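Chemist: Residue numbers (UniProt numbering), protein chains in the order written: chain A, 1 to 420; chain B, 1 to 420.
Think of the hints as simulated: they come from the structure by calculation, not from any bench.
One thing to keep in mind: the hints can contain errors.
[Said to hold, decoys possible] Keeping only pairs whose Cα atoms sit at most 25 Å apart, straight-line, the calculated DMTMM-like set for lysine to aspartate or glutamate is:
#, chain 1, residue 1, chain 2, residue 2
1, B, K199, B, D185
2, A, K15, B, E310
3, B, K15, A, E219
On a predicted model such as this, the values are computed, not experimentally measured, just so you know.
Number of protein chains: 2
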Amino acid sequence: MTTVSTVITVEEQAKKAKKAAKTLGILTTEEKNQALLTVADALEKDYQSIITANLIDLKNGEEKGFEQAFMDRLSLNKDRIFDFAEGLRQVAELPDPIGDVMSGWTLENGLKVEEVRVPLGVIGMIYEARPNVTADAAGLALKSGNSIVLKGGSSALNSNKAIVEIIHRALALTSIPKEAVQFIDSIDREATQQLFTMKEHIDVLIPRGGASLINAVVENATVPVLETGVGNCHIYVDRVADVEKAIEILINAKTDRPAVCNAAETLIVHEEWLKKNHSLLADALQKNGITLHGDEAAASLLPDVQPATESDWANEYLSLDLAVKTVSNLEEAIDHIDEYGTKHSEAIITENSDTAKKFMQLVDAAALYHNASTRFTDGGALGFGAEIGISTQKLHARGPMGLPALTTRKYLMSGNGQVR
Amino acid sequence: MTTVSTVITVEEQAKKAKKAAKTLGILTTEEKNQALLTVADALEKDYQSIITANLIDLKNGEEKGFEQAFMDRLSLNKDRIFDFAEGLRQVAELPDPIGDVMSGWTLENGLKVEEVRVPLGVIGMIYEARPNVTADAAGLALKSGNSIVLKGGSSALNSNKAIVEIIHRALALTSIPKEAVQFIDSIDREATQQLFTMKEHIDVLIPRGGASLINAVVENATVPVLETGVGNCHIYVDRVADVEKAIEILINAKTDRPAVCNAAETLIVHEEWLKKNHSLLADALQKNGITLHGDEAAASLLPDVQPATESDWANEYLSLDLAVKTVSNLEEAIDHIDEYGTKHSEAIITENSDTAKKFMQLVDAAALYHNASTRFTDGGALGFGAEIGISTQKLHARGPMGLPALTTRKYLMSGNGQVR
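Sequences and hints are given; from them, build the entire structure.
Modeler: Given below as structure tokens:
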């Protein structure tokens, strides 16, 4: 495929998505739900074709020597595909945000004003290996009345293609035009870059993946971006933290799923608490196989602490490593989070509710926790229903993004000749 | 001033703003209101110093041969300055959005979740000639708990500086740190460009001014942008439009204030309606001194129609010019708006409520009107209180932006040891 033909293709796909969005945006909830259920059934019925395609991706991945964790995320089986279908059925059950009258009033001159929730239009989704995003993102987009342009990672190209083929065949039987789901069938980086500037046809870009993917989109896109996911999360154990809660929460936040964005990466600990409780803490950390990188004070009280560098404070480990920073008061803890946090999820463990309140007021992040694990920052866990990602930006959406994050509003004014 | 020292200065200013935002963000409503009233009084008391500075700007402007409309916007007098003060008093009376609990619930495990409204942090305001923006934007930012970095047009540099000096002297007597209002005292374009990429210190950029300023910010900023203002607004007069309403609304939307963004620029008119009503329409247009640029059908029915070019359909006149496009049905009208509209304000005049409903559903814009003038798209007119601009984007804020547009949210979770 030459570059020129790719240019034409991606733009044409985006245009088709835009056109389909007009039809999709005014469908009834029933029509959209019916379509999602039809796609769910089709994924289960034709799961074998996805597995066949996935085997090709896995073989290519092996030849390229991808690491095990990556291959795990890429790998599909019957259960995982049936989970996609179940996810779509759950999205069908979520309340439809479109058409909600968010507010309404009448001006003195009789002009009626209504603020109504409407779809964004076309969502551009740029993601890495996980093929489940293909089905999940399409489901959330369609339910909220949006078309979607999918650009998945090249390593999952065959799997994604097989999933989209099933979605297209199923949509052909429904009220949703199949052009509402566009898949960029290319491993060309340029195809991704074209999406960055298609302001005419794409209303928002959502990158999901590692920091370098997200940064590339944020730096280069003129289309508005919903920034997701990098979570350099801290647990601050205060001077008067309950020992049992502190250790249980820290271990949970670090070890429950180390590779996800709401896992803890740094323990900030009050020096007095650490002096009192270092042996209990050390036991728990050791028992859970956690590798420590700390400052001098931490190294003097805990065993096997490697000296922490700037990189330990700044980066997500996404592994069983933990940075340990000791502080002598709340302000030092907050300053550290200000400097290194990614505005995702931050927790304080303390029995002093004034200190907790101060922490939650002064730390700038999407989710703040008092005496609970950062692992709850998740659409499902917090009761939002399915999520399209976790926003670490402040505009439009913050924290787990459910269906309302994929909408905007219109002000509708009805009059009988009002002028100013 | 060398480039190097400017670089240091702008970044240092942004850092100071960020630091001040921490203090400002947790002030009480009373403290913020008191500060606004103190600034309002100071502007009235010291108005003469602003007028003196403004005279320098006006003299420079004359020497540069700026056109009259520009000089009008630049020019200040006692009344206008007292209006700034009155504006601040009005902002003090608006409800404080900060601290609002937008939603709250408790999970089955007992974890309490609260969604609380908080300030964005630091707002970067980039604007052109009007010095009133200096006082207005500062007032809205401070009331919503945000610091602001102001970069005004070079032609108003002295006026803006005088206003900010008064604001700073007044804030020194209040709970709001004066560092919360930063003014970039430079006519260097590079100073503006530095703001574009200061993601660490600035949370949002709001450009206010002409299309070229706004595009420069949108194209080049990595800081998130709230896009404001370009309004290529249409009035669609349907086949069954009431003649009186249609003409009154069109004349109002075109002539009430031709230079503002919610003024009408194009009349889209159903050919049958035009055939029936062209002479009444022509009379009204002529009486109001409106110059027409139209397609062939319009030229055949209305007097003195210049042939419309692509530029007539695409650009804001901001004058008493009007483009006229004839169509044979609603779909053609919507297609024209889709192609040339700027998603600001669009109106349909019709006695057919089904047609009106379809128009309001299918046209993608912030504000849709049925039988009313587009001139109502304005924070004051629609009852939002003061506005910081009119958003023509879909993310975060759409239409007139009042105080809530300058806020974001935090999710606060309170537990007693919950883990996943």
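Chemist: So, for every hint listed, does it hold in this structure?
Modeler: Against the structure, the hints come out as follows:
no.: 1; hint: B:K199 <-> B:D185; result: holds, 21 Å
no.: 2; hint: A:K15 <-> B:E310; result: holds, 21 Å
no.: 3; hint: B:K15 <-> A:E219; result: holds, 21 Å
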